[in-house]
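Asker: Sequence:
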Amino acid sequence: MIFGRLLAPDSPGAWKELDPSQWLAFNGVSGLNIAGPGRINGRGKAWWDQSCRDHPRLVGCSTLAPTIEATFDLSFRGTRTIKPYLYDGEAQAVKLVSCKNSSISEIHFVNSSQTHILIRDCDGINIENVLIEAPERSPNTDGIHISASHNVVITNAIIGTGDDCVSIGDHTSNIVISYVKCGPGHGISIGSLGRSGNFVQVENIHVSKVHLQGTTNGARIKTWQVGRGYVRRVTFEDIFFWSVKNPIIIDQNYCNKSGACKEMETGVHITDVSFNQLYGTSSSRVAMNLNCSRSVACTSIYLKSIYLRSALAGQNVTSNCTNAHGIAFGVIQPDPCLQI
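Under the numbering used here, the residue at position 115 of the sequence shown is numbered 161, and the numbers go up by one with no gaps.
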């Protein structure tokens, strides 16, 4: 158990000749239980002040986001695949790697230099009753990032950061997220996926009973055009949005160039995705944006009982669909635009 406060070194210089990716890291542990009521303070401001995102002209700036940096080959059902791993440039607050049947509960995380909780190559992880806080403008401070992991449950969490409240990376399955309050931040995100042209495998993701307030995104799936593989069997249900910029968004054509990206023949197939009982307000005109690939279209998209209105008095909201195929049930506002 953790009582009191754990404080990270207060400046990047304190990590000289040390591995800054290793602060509170657990590798290959089974049955680990990290429990509160303690507080873990990453003291990340000094890292944010030299971030490349906010200070691109700063000599020696830091890229704090978990970034696909290298790959290795796996054999999956006879198919050659490439499995990404994360390059951890600076310290996460807590990192679990190759752990099984473990849990994190009753901990208050604050101001990590980047991701607060990183789950990688794990199986059977429960995260519950955690509070995660960082300023809205703090770069790349994801609340919880899950990658190459299976059977992860996140419940009863309050998360407000400068990036995704929860982000789901590649080679991930059987994830349950429920009773989460998110904001500020970038919402609940699957992706981005397929950045290195790898074969994406993400399935059985269930997100429910989530309250998003003032976030840039709500329920989001984002894949790179160069990627391959699939995202399938995903459910977003019983979600409330309060002044969210992009409440419902699928972006299958993501690239890192400014302006329109050149269309590619590759793409990650997004299929069997349900948006059910989603309500609230949008701070932008397009409340539902399903931007899918012409060559690898989104299929089996299901919309049911969706009611979104503008957060701005007297304004209307619309939906936008490109190469998105599926069926709408019941009352849908704004009007659905799916192709059959």
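Take these hints with a grain of salt, some might be off.
[Stated by the list, open to error] Computed spacing ranges between beta-carbons, pair by pair:
1. D100 / R340: 33 to 41 Å
2. K91 / Q323: 34 to 42 Å
3. G360 / C107: 16 to 24 Å
4. N175 / Q323: 35 to 43 Å
5. Q259 / K350: 45 to 53 Å
6. Y348 / A60: 44 to 52 Å
7. E309 / K62: 32 to 40 Å
[To be verified] Calculated lysine-lysine pairs in the DSBU-like style (CA-CA distance at most 30 Å, straight line):
8. K146 / K227
9. K227 / K91
10. K350 / K291
11. K227 / K291
12. K308 / K291
13. K255 / K227
14. K255 / K146
15. K308 / K227
16. K308 / K350
17. K255 / K308
18. K350 / K255
19. K350 / K91
The set of hints was computed from the structure by calculation and includes no laboratory data. Nothing here was measured: the structure is a model prediction, and the numbers come from that model. Note that the Cβ used here is the ideal one computed from N, Cα and C, for glycine as well.
Asker: All the hints need checking, so say for each whether the structure fits it.
Answerer: Now for the hints, and whether the structure bears them out:
Hint check: D100 to R340, Cβ distance near 35 Å, so the stated range 33 to 41 Å holds. About 39 Å separates the C-beta atoms of K91 and Q323, a value consistent with the hinted range of 34 to 42 Å. Range check, G360 to C107: about 43 Å between beta-carbon atoms, so the 16 to 24 Å window is missed. At roughly 25 Å, the beta carbons of N175 and Q323 sit outside the given window of 35 to 43 Å.
Under the hint 45 to 53 Å, the C-beta atoms of Q259 and K350, about 23 Å apart, miss the expected range. Separated by about 51 Å at the C-beta atoms, Y348 and A60 satisfy the suggested range of 44 to 52 Å. For the pair E309 and K62, the beta carbons lie near 46 Å from each other, so the given range of 32 to 40 Å is not met. With a CA separation close to 26 Å, the supplied pair K146 and K227 stays within the 30 Å bound.
For the hint linking K227 to K91, the alpha-carbon distance of about 24 Å falls within 30 Å, and the restraint holds. Using a Cα cut-off of 30 Å, the hinted pair K350 and K291 holds, with the two alpha carbons roughly 21 Å apart. Distance hint between K227 and K291 is fulfilled; the C-alpha atoms sit about 16 Å from each other, no more than 30 Å. With a CA separation close to 26 Å, the supplied pair K308 and K291 stays within the 30 Å bound.
As the CA atoms of K255 and K227 are separated by approximately 9 Å, the hinted pair is consistent with the 30 Å bound. The straight-line distance between the Cα atoms of K255 and K146 is roughly 26 Å, inside the 30 Å bound, and the hint therefore holds. Of the supplied pair hints, the one linking K308 and K227 is violated, its CA atoms being roughly 37 Å apart against a limit of 30 Å. Of the supplied pair hints, the one linking K308 and K350 is violated, its CA atoms being roughly 33 Å apart against a limit of 30 Å.
Under the criterion of a C-alpha separation no larger than 30 Å, the hint pairing K255 with K308 is inconsistent with the structure, at around 37 Å. For the proposed pair K350 and K255, the alpha carbon gap of about 15 Å is at most 30 Å, so the pair holds. For the hint pairing K350 with K91, the CA-to-CA distance comes to about 42 Å; that exceeds 30 Å, so the pair is violated.
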